[in-house]
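Let's have the full structure, built from the sequences with the hints guiding it.
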Amino acid sequence: MNEQQWQDLQHRAAALIEAHNKDCSPLIKEMVEEIKELQAENDRLRKALSSARKQNGGHSHMSTKLKDALYE
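4 is the number of the first residue of the sequence shown in our numbering; add one for each residue after it.
Treat the hints loosely; a few may be bogus.
Said to hold, decoys possible - Lysine to aspartate or glutamate pairs mimicking EDC-like chemistry, simulated, CA-CA at most 16 Å apart:
1) K32 - D46
2) K39 - E21
3) K39 - E6
4) K32 - E21
5) K70 - D46
6) K70 - E40
7) K68 - E36
What the hints assert, rightly or not - Derived Cβ-Cβ restraints for the label pairs, each shown as a range:
8) I31 - E75: 21 to 29 Å
9) R15 - A72: 34 to 42 Å
10) G60 - C27: 46 to 54 Å
11) Q8 - L69: 22 to 30 Å
The hints are simulated quantities; they were obtained by calculation from the structure and are not laboratory data.
Even glycine gets a Cβ: it sits at the ideal position worked out from N, Cα and C.
Shown next as structure tokens:
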């Protein structure tokens, strides 16, 4: 998800919270927070992968644990 898509999603979530039943507000906020956390984790994994590739001289041998995490 690029930055523009992320901003659009946040605006849509805010509009839903305002337009609909306030009971859905906590759920939408929780989902947006979860997306933020997953994006941050994804960024960390990408950096770790890039670092691992540099350490291995550009070879694409990544650890099984990292590979599994990226494919989830």
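* **Hint check against the structure, violated hint numbers in rising order** => Result: hints 1, 2, 6, 7 and 9 break, sorted rising.
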